[in-house]
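K.L.:
First to last, the sequence lines map onto chains A and B.
The first sequence maps to residues 255 to 701 in my numbering.
The second sequence maps to residues 21 to 483 in my numbering.
Don't read these hints as lab results, they were simulated from the structure.
Mixed in with the good hints, there may be bad ones.
For each label pair, taking beta carbons as the anchor points, the in silico distance ranges come out as [as the list claims (entries may be wrong)]: (1) B:Ile-392 / A:Glu-654: 48 to 58 Å; (2) B:Ser-163 / A:Glu-546: 33 to 43 Å; (3) B:Gly-266 / A:Asp-648: 31 to 41 Å; (4) B:Pro-445 / A:Ile-633: 14 to 24 Å; (5) A:Ile-633 / B:Pro-384: 18 to 28 Å.
The list that follows gives simulated cross-link-like pairs (lysine-lysine, DSS-like), each with its CA atoms no further than 25 Å apart [unchecked claim]: (6) A:Lys-621 / B:Lys-157; (7) A:Lys-347 / A:Lys-417; (8) B:Lys-157 / B:Lys-218; (9) A:Lys-595 / A:Lys-559; (10) A:Lys-579 / A:Lys-689; (11) B:Lys-480 / A:Lys-595.
Ideal placement from N, C-alpha and C gives every residue a C-beta, glycine not left out.
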Amino acid sequence: MADLTTNFAGIRCPNPFWLASGPPTNTGDQVMRAFDAGWGGAVWKTIGDPIVNTTSRYSSVDWNNQRMMGLNNIELISDRSIEVNLREIGEVKKRYPKHAVIASLMVESKRETWQDIVKRAEDAGADGLELNFGCPHGMSERGMGAAVGQVPDYTCMITEWVKEAARTPVLVKLTPNITDIRTVARAAKRGGADGLSAINTINSITGIDLDTLTPRPNVGGLSSHGGYCGPAVKPIALHMVQQIASDPEVGIPISGIGGITGWREAAEFFLLGCGTVQVCTAAMHYGYRIVEDMIDGLSHWMDEKGFANLASFRGLSIPRVTEWKHLDLNHHIVARIHAEKCIGCDLCYIACWDGAHQCIHREGYAKPEAAVAATRASIAVTPIAKLDSHAGPDGITPPERIPHVDEDECVGCNLCWLVCPVPGSITMEKVETGKPFESWEQRAART
Amino acid sequence: MSKIDFTAMGSNPEPRTPNPESRVVNPASRFQEIHPALDAHAAAIEANRCLFCYDAPCTAACPTHIDVPRFIKKIATDNLRGSALTILNSNVLGLSCARVCPVDVLCEGACVMVRENYKPIEIGRLQRFAMDRFYEKPDSAWSTPSPITHTERVGCVGGGPASLACAAELRRRGYAVTVIDNRPLPGGLNTYGVAEYKLRPQDSLREVDMIRSLGVEFRQALVGDTISLESVEKEFSLVFLGMGLGTMQRLGIPGESLHGVIDALRLIERYKTAPDFQVRGRVVVIGGGNTAIDAANAARRLGAAEVHLFYRRTEREMPAFRSEFDRSKVEGVRFHWLAQPMEIIGFEGNAAAVRFVETRLGAPDHNGRCAITPVPGSQYQFACDMVIPAIGQERLTSLLENTRGITVKNGLVVVDRPTGRTTNPRYFAGGDCVNGGREVVDAVADGKRAALAMAAQLEKSSG
Numbered sequence: 255m256a257d258l259t260t261n262f263a264g265i266r267c268p269n270p271f272w273l274a275s276g277p278p279t280n281t282g283d284q285v286m287r288a289f290d291a292g293w294g295g296a297v298w299k300t301i302g303d304p305i306v307n308t309t310s311r312y313s314s315v316d317w318n319n320q321r322m323m324g325l326n327n328i329e330l331i332s333d334r335s336i337e338v339n340l341r342e343i344g345e346v347k348k349r350y351p352k353h354a355v356i357a358s359l360m361v362e363s364k365r366e367t368w369q370d371i372v373k374r375a376e377d378a379g380a381d382g383l384e385l386n387f388g389c390p391h392g393m394s395e396r397g398m399g400a401a402v403g404q405v406p407d408y409t410c411m412i413t414e415w416v417k418e419a420a421r422t423p424v425l426v427k428l429t430p431n432i433t434d435i436r437t438v439a440r441a442a443k444r445g446g447a448d449g450l451s452a453i454n455t456i457n458s459i460t461g462i463d464l465d466t467l468t469p470r471p472n473v474g475g476l477s478s479h480g481g482y483c484g485p486a487v488k489p490i491a492l493h494m495v496q497q498i499a500s501d502p503e504v505g506i507p508i509s510g511i512g513g514i515t516g517w518r519e520a521a522e523f524f525l526l527g528c529g530t531v532q533v534c535t536a537a538m539h540y541g542y543r544i545v546e547d548m549i550d551g552l553s554h555w556m557d558e559k560g561f562a563n564l565a566s567f568r569g570l571s572i573p574r575v576t577e578w579k580h581l582d583l584n585h586h587i588v589a590r591i592h593a594e595k596c597i598g599c600d601l602c603y604i605a606c607w608d609g610a611h612q613c614i615h616r617e618g619y620a621k622p623e624a625a626v627a628a629t630r631a632s633i634a635v636t637p638i639a640k641l642d643s644h645a646g647p648d649g650i651t652p653p654e655r656i657p658h659v660d661e662d663e664c665v666g667c668n669l670c671w672l673v674c675p676v677p678g679s680i681t682m683e684k685v686e687t688g689k690p691f692e693s694w695e696q697r698a699a700r701t
Numbered sequence: 021m022s023k024i025d026f027t028a029m030g031s032n033p034e035p036r037t038p039n040p041e042s043r044v045v046n047p048a049s050r051f052q053e054i055h056p057a058l059d060a061h062a063a064a065i066e067a068n069r070c071l072f073c074y075d076a077p078c079t080a081a082c083p084t085h086i087d088v089p090r091f092i093k094k095i096a097t098d099n100l101r102g103s104a105l106t107i108l109n110s111n112v113l114g115l116s117c118a119r120v121c122p123v124d125v126l127c128e129g130a131c132v133m134v135r136e137n138y139k140p141i142e143i144g145r146l147q148r149f150a151m152d153r154f155y156e157k158p159d160s161a162w163s164t165p166s167p168i169t170h171t172e173r174v175g176c177v178g179g180g181p182a183s184l185a186c187a188a189e190l191r192r193r194g195y196a197v198t199v200i201d202n203r204p205l206p207g208g209l210n211t212y213g214v215a216e217y218k219l220r221p222q223d224s225l226r227e228v229d230m231i232r233s234l235g236v237e238f239r240q241a242l243v244g245d246t247i248s249l250e251s252v253e254k255e256f257s258l259v260f261l262g263m264g265l266g267t268m269q270r271l272g273i274p275g276e277s278l279h280g281v282i283d284a285l286r287l288i289e290r291y292k293t294a295p296d297f298q299v300r301g302r303v304v305v306i307g308g309g310n311t312a313i314d315a316a317n318a319a320r321r322l323g324a325a326e327v328h329l330f331y332r333r334t335e336r337e338m339p340a341f342r343s344e345f346d347r348s349k350v351e352g353v354r355f356h357w358l359a360q361p362m363e364i365i366g367f368e369g370n371a372a373a374v375r376f377v378e379t380r381l382g383a384p385d386h387n388g389r390c391a392i393t394p395v396p397g398s399q400y401q402f403a404c405d406m407v408i409p410a411i412g413q414e415r416l417t418s419l420l421e422n423t424r425g426i427t428v429k430n431g432l433v434v435v436d437r438p439t440g441r442t443t444n445p446r447y448f449a450g451g452d453c454v455n456g457g458r459e460v461v462d463a464v465a466d467g468k469r470a471a472l473a474m475a476a477q478l479e480k481s482s483g
């Protein structure tokens, strides 16, 4: 069985699955229930001077009847007093000494205020601190959260203040709402951060109610931009994590955040160098119980791949991300359609014609419009046994509906393979070009 | 999206009828629909399963070529009016077709999902959802007459699906159209002949009302009797023949005129127009087609203690759709194969039993049909209280036989398939009188094709 125990920047925990700072870590009772469910750590809902929230606070993007592909919130930090939060942290740590409890902090940008909250959180028993420089809404209007995280100098300065006082590891949580996340990551490193958490939520307006013309969430007829998270943001988060992890000037542990709903996404973040992952939306959607499959699935995958522990595969995909100019221009693949698996939806056909390079064809039709016109002009009748010799549909894909690829013209873009609903019906096959590796950089230098 | 209250469907305003005395009734309790309606959320879920195939096989399989993925995606985006109009633009009887089409051998049978080992998209139920929503509040463009932009007038003989489709298409193209039907209510078999658990008469009449509101004129007359074809020809530039088939064929055995013998179409018409029509005791249905099944199911639902269907071939040769056969088993109909009726035996003027002879199937002929030979000495009697013959409709073309230059072959009007044009260029034809008795959707397709050809012909002749 794979070993999932984790030591992240000096913070120890039974597994790398943490709950991110947010509604699921609002109270001690919640965090203890989460630990009972199997979570290895929890980053407490951000502690600071209590705020007042609005109703409503969330909105989401559904996709094809799946709820909450993306979630947006305008909720602020904890609305409970610092004292209550810290007392509960102490209670949790007493009962769960082996689990990681990280205090997420956000106070106004004054050295003594920051150092005061740092001391109090550590005295309460926190295993580490996470500086919330990422909250993109509300708090940023008051000079906190993303207002700090979007300015590298502020990030560095406050991290320094915190490090002056801190005895536990300090993580800086980064906002993605910035042109190049590496500039802030480097600033946090300069300020002495022991680790980074990335990413926080992305500025968003999820949608507009077409009856009231008010964007969601609707707070008495008005809305405000919020922070976007959930499965939809994973690709953005992965890219930012990769940028940080690949940056030689950063070089500190990363706790990956953004759209992780199961072990597969978690594995992806680990492969791009993360030491732990943090989850919020999925726990809000389904409850703490989702961690069971995260642990179980990751363990089975690690066993299958022969990874004894997290360190044995952490970062393995980082070298496989490079700049475009280093990719092999002589690598060539083409699409192959496997007729025996094709169900004849012809989505590849129209995708190639309208969205790619017009190299998938249906016999007898120069253009897709001609196929449709032929269908419109055809005469179909209800097959009736006593009047017809044929019995109607037989469950076999009609050969004329199975498209074929003009491999000489195929640019190997993947689009047909992506739209095909049947696994294995289209494969992308390597074609030997007989030419050696040549990148754009090499070609440009040569010519 | 607000939920739809389908329970409110029954309280729709009564359809306008040309003759209040013949108002049809809906004995709702005994004719629960076989397929429950989808609610808005279920429809959205089902719509989202659709792959949105290109040049979709379902569209190709539909005789009226409804752009199925398009109307389904419009359900998914909650563009319900757009969805309904997509359907109606191809098939003006989209409401009744959604209910009566044998979708498993048409659109749903062609669905690519079948080949992925998944359930096909429930196209029929989605179409019904879109149509039900439309008829709750028809779009204004479909409830006001289009302007008449041509001088030529077109007459459609017969008030069934083929004529209705032809009339609606031509009227929308600016031609004045009159539908002439001898029944008190238009709609043909949709109103009178389709089993009520599939299509309620008021649904058929709602479609008729919609077509009327497009500006189509309806006239009650029996062509060939109260008015002659000659006078029809005088009034109309072109004539569409969509008069369907005749009455049910007789069995041609003794005892057929006994009390308690009622053919399937008359039975269906009777119960659809008489609220208190009941069936009691043990019923014998003779025939193996879809109408026989409809009658057998109806007899069960109307109160028959036992319904026995006798067919002279076997389950394998039965012309009824598989889904219909399966349905009737659920309804409790019992089946007797290889049985040919010889005589209906009466008692005090009422049908009391049927004498059958066992049959044997011979080798299949060139059409794949097996010849039947009675087995000597195998006769038996089957006691019953009612006999329902259902062995097909007469091919009724006496009106046309060798007149007006319209060629009739085997009792069916001969037409050019893509245009519906008969051998007399002023006459077009479609529906059962041409195809020998297929589905509503086939009649609609015939009517629509003919309408397009008629419009083209008129435009050409008017230069």
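K.L.:
Is 31 to 41 Å respected by the C-beta to C-beta distance linking B:Gly-266 and A:Asp-648?
P.N.:
Given about 34 Å between the Cβ atoms, the range holds.
K.L.:
Given the proposed pairing of A:Lys-347 with A:Lys-417, does the C-alpha separation stay at or below 25 Å?
P.N.:
Satisfied, since the Cα-Cα distance of roughly 22 Å is no more than 25 Å.
K.L.:
When you check the alpha-carbon spacing of B:Lys-480 and A:Lys-595, does it fall within 25 Å?
P.N.:
49 Å, violated
K.L.:
Holds or violated: 18 to 28 Å for the Cβ distance of A:Ile-633 and B:Pro-384?
P.N.:
27 Å, holds
K.L.:
Check the hint pairing A:Lys-621 with B:Lys-157 against an upper bound of 25 Å on the C-alpha distance.
P.N.:
Measuring from Cα to Cα gives roughly 39 Å; hence the hint is violated.
K.L.:
Given the hinted pair A:Lys-579 and A:Lys-689, is their Cα-Cα distance within 25 Å?
P.N.:
The hint holds at about 17 Å.
K.L.:
Taking 25 Å as the top limit, are the C-alpha atoms of A:Lys-595 and A:Lys-559 close enough?
P.N.:
Not OK: A:Lys-595 and A:Lys-559 at ~29 Å, beyond 25 Å, violated.
K.L.:
Check the following: the C-beta atoms of B:Ile-392 and A:Glu-654 are separated by a distance inside 48 to 58 Å.
P.N.:
39 Å, violated
K.L.:
Are the Cα positions of B:Lys-157 and B:Lys-218 separated by 25 Å at most?
P.N.:
Given that 25 Å is the threshold and the Cα spacing comes to 22 Å, the pair holds.
K.L.:
When you take the CB atoms of B:Ser-163 and A:Glu-546, is the distance between them in 33 to 43 Å?
P.N.:
57 Å, violated
K.L.:
Is the distance from the Cβ of B:Pro-445 to the Cβ of A:Ile-633 consistent with 14 to 24 Å?
P.N.:
21 Å, holds
Going through the hint list in order, the structure does not satisfy hints 1, 2, 6, 9, 11.
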